[in-house]
Amino acid sequence: MLKLRSSKLEVKPNITTSLTPMIDMFTTILIFLIINFAPDESRVQKTEKTLPPKSAAQMKAIPKIQIEVTETSIRLNGKAIEGLTPMSEDIQVWNILKDELKKINEKAEPVLLIADQDSNYGIVDSTIGHLAAQGYGEVYLLTRREDKKENLQ
Amino acid sequence: MSLIRKRNKKIEQEAELSLIPVMNLFVCLIPFLLISAAFVRMGAIKVDVPSESKGSQADVEQASKLVLTFKLENGKVTVEGFSQNFQNNIASLKKVFFLSELELMKTYLLELKSKNESVQVSLFYATQESKYQDAISVLNAIETSGLESSIAIATGMVD
Chain A
179 MLKLRSSKLE VKPNITTSLT PMIDMFTTIL IFLIINFAPD ESRVQKTEKT
229 LPPKSAAQMK AIPKIQIEVT ETSIRLNGKA IEGLTPMSED IQVWNILKDE
279 LKKINEKAEP VLLIADQDSN YGIVDSTIGH LAAQGYGEVY LLTRREDKKE
329 NLQ
Chain B
5 MSLIRKRNKK IEQEAELSLI PVMNLFVCLI PFLLISAAFV RMGAIKVDVP
55 SESKGSQADV EQASKLVLTF KLENGKVTVE GFSQNFQNNI ASLKKVFFLS
105 ELELMKTYLL ELKSKNESVQ VSLFYATQES KYQDAISVLN AIETSGLESS
155 IAIATGMVD
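First to last, the sequence lines map onto chains A and B. Each residue of the first sequence is one higher than the one before, starting from 179 at the first, in the numbering used here. Each residue of the second sequence is one higher than the one before, starting from 5 at the first, in the numbering used here.
Keep in mind the hints are simulated off the structure, nothing from the lab. Treat the hints with care, as some may be off.
To be verified - Label-pair restraints from in silico Cβ distances:
1) R45/B / D296/A: 18 to 28 Å
2) Q91/B / V271/A: 36 to 46 Å
3) K119/B / E267/A: 40 to 50 Å
As the list claims (entries may be wrong) - Here chain B is said to cover these stretches of chain A; the calculated rule only asks that three of the stretch's residues, wherever they fall, bring their Cβ under 8 Å from a Cβ of chain B:
4) 194–203
5) 251–264
6) 276–283
7) 306–319
Where is the CB? At the ideal position from N, CA and C, for every residue including glycine.
Chain B extracted, bound-state conformation (with noise of 0.2 Å):
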């Protein structure tokens, strides 16, 4: 009895599981996956910015489609909208918005959308005494409204 006992420790010794590759693995793991981690999950907001190329075409295009402009000046937003390539401002369309009332906005926006179908751009400006923070709330509430019209910005003229 007692050899046999012996005889079965021995072979339990024997089947000892070697974690070394496993380890081997990890290490090479590990490194490659922390380089390639990103602990801030990141976005990005697109916009057009009105270039030479696109200037005539963009013209073209919006001559019979309603465009929304949103001015963001003083922790206020002003919306407006123009047709005819902004010869014809729509008085009842316009709209101010404070920034703590951009849900107010996205609501506001949802309803264009189901009266008119035909936004075709979204013009935002922003003063340059704003907070960056402050033009993007403006510029994500935009993107979410499901407007589905492209985001261009007003910029400084540059010589």
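Pulled out of the complex, with its shape left as it was, chain A reads as follows (with noise of 0.2 Å):
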């Protein structure tokens, strides 16, 4: 019996998880995150589906106040405003926003302009033309800046 015993011990192997894999993959991906650490950025609120038109400017700071267009729709910091369109002729609907501004803040803060390439000036330009009305003056168009290997082609 003790003959036994003894030698199960023996058979037992020596299992230990080597984390050197894992270690290097997160190494990578640690590095690749941090190239990419932009918080600002980061708190730009729009859809998937909207992208931004090219240009070469850069951007400072994010403006607290941040409304993205579309064809159909008007989101207010991420939160869509029932029954405005940018196309909306009558100002009673344009009031929910002013109101929605109001909520956000008494001052007339710079505001980002957030819209999709392919959209048409036109609702960029009733937006914006609506935002003068209440007295916001200063815009900021979000655009994505263009890639080094696009401008070399």
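Relying on the hints, combine the two individually framed chains into one complex.
Have a look at this one:
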């Protein structure tokens, strides 16, 4: 019996988990994420469908008020405003946006306007016009920076 | 000799590096960086919009300076120069550029800047049917041309 027990103990394999490949993978991911670290830019609240137009402009600070405009809706800080479309001619409908903006702040702060590159300029123009009427005189148009590769082509 | 070897082996086994704290650190750092990462680099073009509060002050300031207007229509950009609060249209400054010639427009604006240093405001207007990307391309060309003037957007009237 004793012999049997001792032989069993000898057969038992010594299992150790090698963490080295995992550490390698994590290090690679960590470096990639540090390169793409942009806490300000990640605060832009836009839907995935919206692809901003390309430009060489840079963004210094993200305005607190962000308005996303599509053909059928207007979103204020990521939240859709029901019943309001950019081409609405009824002033009463635009007053909903005015009320929502008042809830955020009383002062006319800079506004970040987000629209898709393929959309008509008319919807942007209409929204800017209504923002101007409400006293918002400083507007930032969101763009995405051109890749260096695209510039070379 | 064999005893010494055995002892050495024991010592080697004891000196194993513990990677668990490193793993803990990575597990904390990665979700944080993943949330804060931006895979598409963003930019923004600053434009001024004529509002009630700005109007009268701007009128006084612009009286003696040159104002350039950029009109985007049917894939063409028409550049015009005005002075004395839009009362005097300087015909010699008028130029038309296709959207594919925005680099030419930038060169033209640089020439203007070297000749006339008092360009106060660039006023931009685009038709409703224009593509937003085209409008941004023109605005980007104005901004990067080195005019050092603010860009104002002319919008439709709101009652």
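Quick rundown of the hints versus the structure:
no.	hint	verdict
1	R45/B / D296/A: 18 to 28 Å	holds (20 Å)
2	Q91/B / V271/A: 36 to 46 Å	holds (38 Å)
3	K119/B / E267/A: 40 to 50 Å	holds (44 Å)
4	194–203	holds (count 4)
5	251–264	violated (count 0)
6	276–283	violated (count 0)
7	306–319	holds (count 13)
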